[in-house]
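Based on the provided sequences and hints, a complete structural model is requested.
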Amino acid sequence: MAGVRLENVTKKFPGSEKPAVDNFTLEIKDKEFLVLVGPSGCGKSTTLRMIAGLEEITEGKLYIGDRLVNDVAPKDRDIAMVFQSYALYPHMNVYQNMAFGLKLRKFRKDEIDRRVREAARMLEIEHLLDRKPKALSGGQRQRVALGRAIVREPQVFLMDEPLSNLDAKLRTQMRANISKLMKRLETTCIYVTHDQIEAMTMGDRIVVMKDGVIQQAADPDTLYHHPVNLFVAGFIGSPAMNFIPGMFVEEGGKLRFKAEGINVVMPEGKAQIIRNKGYVGREIILGVRPEDIHEEPVFLEASPETVIYAGVEVAENLGHEMFLYLAGLGKENVIARVDGRAGIQEGQNVKLAIDMNKVHVFDKETELNIFEND
Amino acid sequence: MDKEKARQLEDILGVRVRLVTVSPQAWAGRGGGESPKPGDVAEFDQGCWLLVKRNETGLKVLEIGKRLSSVESRLLRWALSQRTDGAFLSTENEALAIRLGEWIEARLEKDELHAPLPGEWAARLSGGVVPMLLNYEHAGADAGQILNVARSFLSDLSDETVIVPLRPAEWLILAPDRLLMEMESFDREEEDPDGVREELASLAEGLQQAITGEWGGDCHVAVAEPVQPREELAAAAALLRETLELGRRFHPERRVHLPWRIHLEWLIGHLPEPALRRIAGRMHGAMEPFADPETAAMLELFFSLDCNVSETARRMYIHRNTLLYRLEKFKLESGLDVRGFNDAVRARILLLLYKMTKRK
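Top line first, the protein sequences correspond to chains A and B.
Here this note's numbering is used: position 87 in the first sequence is 699, and no number is missing along the way.
Here this note's numbering is used: position 288 in the second sequence is 436, and no number is missing along the way.
Everything labelled a hint here was simulated from the structure, so no lab data went into it.
Positions of the beta carbon are idealized from the N, C-alpha and C atoms, including for glycine.
Incorrect hints may appear among the rest.
[Claimed, not checked] Straight-line distance between alpha carbons at most 16 Å, and here's what the computed EDC-like set of lysine to aspartate or glutamate pairs gives:
#, chain 1, residue 1, chain 2, residue 2
1, A, 624, B, 401
2, A, 746, B, 346
3, A, 687, B, 290
4, A, 746, B, 342
5, A, 630, B, 440
6, A, 715, B, 304
[What the hints assert, rightly or not] Interface residues of chain B toward chain A, partial, derived using beta-carbon atoms under 8 Å:
#, residue
7, 192
8, 301
9, 327
10, 330
11, 350
12, 351
13, 360
14, 363
[What the hints assert, rightly or not] Derived contacts from chain B toward chain A, CB cut-off under 8 Å, selection only:
#, residue
15, 169
16, 276
17, 361
18, 364
19, 465
20, 467
Below, the structure written as C-alpha cells:
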C-alpha cells in the first residue's frame with residue numbers, strides 16, 4: 613500500500629493559456645479515501661488522469677509511495693482505474709474481462725483464477741462470470757468494472773465518476789458498497805465526483821476544486837461547518853447555503869446585521885471578530901445554511917433578537933422535512949429547511965429566527981470566510 | 149538483436165552503434181532499396197543503416213556511425229543469417245502484412261478504393277472483417293508492445309486477426325466478423341444496426357482504454373461496420389482514416405471515432421478552403437461566441453443531447469435555469485436561438501466552421 617504526493621503539479625493543454633490544473637500540492641495518506649469534487653471543468657478528472665499516467669504532467673512532481681512517477685508508464689505505477697464510461701470488453705465474458713489485465717502481465721493461470729474468483733465473491737457476481745457484458749444490468753456492469761480493478765491488487769485505486777451512469781437508487785446502493793469495499797481492502801483510493809453527496813458520504817477527506825485550483829482540502833465535517841470561502845460554502849450542502857448581501861452596523865452597543873427584510877443581532881463572540889477585522893460598516897455577504905433558519909416556538913422564544921418575517925413563495929414538503937422558499941429577504945429566495953410537520957402553507961407569512969451562532973461572513977471582494985481566515 | 153549485442157558490435161567496429169526503428173519512407177529516403185531484407189544496407193554521409201528485422205511497426209536497423217567496408221558488410225550479413233532463433237527474420241505473416249499495407253497505401257493514393265485484393269491475401273481474408281484503425285503516438289512505448297496489447301485484447305480471435313502497418317504510428321486491424329457473435333449482438337433473425345454500432349463503439353473504447361491503461365500516450369481508435377475485404381478493404385481503410393482525421397480535428401476531446409457520428413463534419417471537411425474562408429468571413433459575427441471554450445462545450449453537449457435542456461443541464465451539473473440563461477446570452481451574442489430547429493442547425497454548422505477556420 614502507498615500514499616500519493618503531488619508537489620506543485622500543473623497541467624497545461626496545448627493551445628490553452630490557462631492551466632487546467634494549477635500548482636496542485638497535496639499529500640494523500642496511505643489507505644486514505646480522498647475525494648476530488650468540483651464543478652464540470654474544474655480539473656478534477658485531469659488531476660486523476662495525471663496520477664494514472666494518462667496525461668503528462670506539465671510541471672511539478674508526482675510520487676506514489678516514495679517513487680517519483682512522472683515518467684513511469686501507467687502499467688508500472690501499480691494503480692488501477694475505474695472510469696466513468698467503464699468500457700467492458702464486449703467480446704469477453706465477465707471472467708475474461710476481469711482476468712485481462714493480469715493476463716497481459718503474464719500472471720500464472722491459477723493465480724489469475726484465484727484473484728478473479730475472490731474479487732467476484734467480494735462483489736457478489738460469481739454467478740455472472742460466464743456472461744457477456746451485453747447480458748448484464750448497469751449495476752452488474754459497474755461491479756465488473758470494479759472487479760477488473762480489484763484483481764490487480766494495486767497500491768492505489770483511482771475512480772473517475774464511477775457511479776454517474778447509474779440511476780439514483782443504484783447509485784446510493786453502490787456508494788455504500790464501494791465505501792465498504794475500500795475499507796475492507798485497506799487501499800488508498802482517489803475518487804472523482806461532481807456529486808457532493810457522494811463526496812460527503814464516502815470521503816475521509818475531500819478536496820474541493822475550482823478552475824484548476826484547490827479551494828479547500830478537509831474532512832467532510834470541517835468542509836461543511838468551516839468553509840474557507842464563498843465557493844466551498846455554496847458548493848457543499850443541499851439545498852445550498854443562502855447568501856444574503858448586507859452590512860453590519862453598531863446600534864445600542866450591539867452589532868446588528870442589516871439587509872432587505874433582515875435586522876438581527878450578532879452574538880458577541882462573532883461580533884468581536886467582525887469588529888476586530890474592520891467589517892463594521894462594510895458590505896459583506898452573510899452565509900446561512902437552510903437548517904439554521906428555525907420555526908420552532910422554543911427557538912423563537914429563546915432568540916427574539918434574530919427573528920425575521922417572510923412570505924412563503926413555495927413550500928416543498930418531503931415528509932420528514934420541508935423546504936420553504938422565502939421572499940423579501942435580499943435579492944434572491946432564501947431557503948429554510950424546517951420540520952415536515954410544521955404545517956406551513958404556500959402564501960403564508962411566517963415568523964422565523966436565524967441561528968446567528970452558525971452563520972458565516974464572507975468578504976465581498978475576496979469571497980473569503982472572515983471567521984476561517986486570518 | 150538486443151542492446152547488449154549492439155554494444156558488443158560497437159566495441160568491434162570502434163564506432164557508435166544504436167538499434168533504432170525507422171519507417172520504410174525514411175529507409176527509402178536514405179537510398180535503401182524497396183522490399184529490403186535483413187542484412188541490406190542504406191548508406192548516408194555519416195554512416196549507414198543495416199536492416200536487422202522488418203515488422204509491422206517499421207524497420208529495425210542498426211545505425212552504425214560509419215560506412216561499412218565490403219568485407220564488414222558481408223560479415224554482418226553472414227552473422228545475421230546464422231541466427232537460428234528467427235529473431236532477425238520477419239515472419240511470413242509480418243512480411244505479408246507489410247506488403248498488404250503497401251498495397252493499401254498505393255490504392256489510396258491512386259483512389260482505387262474498390263480494387264480487388266491481391267491473390268496472396270484474397271484467400272486469407274475470404275470472410276468478413278471488422279476494420280479498426282489504431283493511431284498511437286507515445287515516445288516512451290515500443291510499438292511492438294502496443295500491438296501485443298491489441299492482440300491480447302482480441303484474445304481468442306488474435307490468430308485470425310491481421311494487423312497491417314500503414315503510415316508511421318498507424319495500423320489497420322482486421323478482426324474476423326465472428327467478433328460480433330462473440331459480443332452476442334449479432335442476431336440473424338433480427339438484425340439491429342444500432343445495436344451492432346453500439347457494440348463496435350464499446351469494442352473500440354475497450355481497445356483504446358486497454359492500451360492507454362497500460363502505456364498512457366495519445367491513442368485514437370476508429371472502427372467501422374464489417375466489410376468484405378476482397379473488394380472493400382481499401383475503401384474501409386480510407387473511411388477509417390478520414391473518420392479519424394475528421395474526429396481529431398472537430399472533436400479533439402474524443403479518442404474513439406465512429407464514421408456514423410460525423411456526417412456534418414464530413415460535409416464541412418470537404419468544402420474547399422476558399423469557400424470555407426468566404427463563409428467564415430460572412431458569418432464572422434455569429435461565430436464570435438464560440439471563441440469562449442465554455443460556450444462551445446455547452447453547445448456541443450446540447451446538440452449531442454438533441455437540444456434537450458433538462459438533460460444538458462443535468463450532465464453539466466447546473467440548474468436548468470442557469471442553462472436557459474446561458475442559452476439566452478448566446479442568443480443575444482450570436483442572434484441564434486438554438487432551442488429552435490433552424491437556428492440549432494445553423495449554430496451547429498457554424499460551430500464546425502469555426503473549428504475548421506479559427507481554431508488551429
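Status of the hints after comparison with the structure:
1. With a CA separation close to 15 Å, the supplied pair residue 624 of chain A and residue 401 of chain B stays within the 16 Å bound.
2. Annotation: proposed proximity of residue 746 of chain A to residue 346 of chain B holds, straight-line Cα distance about 10 Å (limit 16 Å).
3. Distance restraint check for residue 687 of chain A and residue 290 of chain B: the Cα-Cα separation of roughly 14 Å lies within the 16 Å cut-off, and the hinted pair is therefore satisfied.
4. Our distance criterion of 16 Å between C-alpha atoms is met by residue 746 of chain A and residue 342 of chain B, whose separation comes to about 14 Å.
5. This hinted pair checks out: residue 630 of chain A and residue 440 of chain B have alpha carbons roughly 12 Å apart, not beyond 16 Å.
6. At roughly 13 Å between alpha-carbon atoms, residue 715 of chain A and residue 304 of chain B fall within 16 Å of each other, so this suggested pair holds.
7. Nearest Cβ of chain A to the Cβ of residue 192 of chain B: about 31 Å, over the 8 Å cut. The hint is violated.
8. Annotation: interface hint on residue 301 of chain B holds; nearest CB of chain A at approximately 7 Å, less than 8 Å.
9. Hint status for residue 327 of chain B relative to chain A: holds, with the closest Cβ pair at about 6 Å, below 8 Å.
10. With 8 Å as the threshold, the beta carbon of residue 330 of chain B comes within range of chain A, its nearest partner Cβ sitting at about 4 Å, so the hint holds.
11. The restraint placing residue 350 of chain B at the interface with chain A holds, with a minimum CB-CB distance near 4 Å, inside the 8 Å limit.
12. Interface hint at residue 351 of chain B: satisfied, since its Cβ lies 6 Å from the closest Cβ of chain A, which is below the 8 Å cut-off.
13. Residue-level restraint check for residue 360 of chain B holds (minimum Cβ-Cβ distance to chain A is 6 Å; threshold 8 Å).
14. A least Cβ separation of about 5 Å between residue 363 of chain B and chain A falls short of the 8 Å threshold, and the interface hint therefore holds.
15. A hinted interface residue such as residue 169 of chain B counts as satisfied when its beta carbon comes closer than 8 Å to some beta carbon of chain A; here the least separation is about 18 Å, so the hint is violated.
16. Given the 8 Å rule on beta carbons, the hint for residue 276 of chain B is violated: about 15 Å separates it from the nearest Cβ of chain A.
17. The interface hint given for residue 361 of chain B is met, as the beta carbon of that residue sits about 6 Å from the closest beta carbon of chain A, less than 8 Å.
18. Taking 8 Å as the C-beta contact cut-off toward chain A, the hint placing residue 364 of chain B at the interface holds, the least distance being around 4 Å.
19. Against a cut-off of 8 Å between C-beta atoms, the interface hint on residue 465 of chain B holds, since the closest Cβ of chain A lies about 5 Å away.
20. Taking 8 Å as the C-beta contact cut-off toward chain A, the hint placing residue 467 of chain B at the interface is violated, the least distance being around 10 Å.
Taken one by one, the earlier hints fail for this structure at numbers 7, 15, 16, 20, listed in ascending order.
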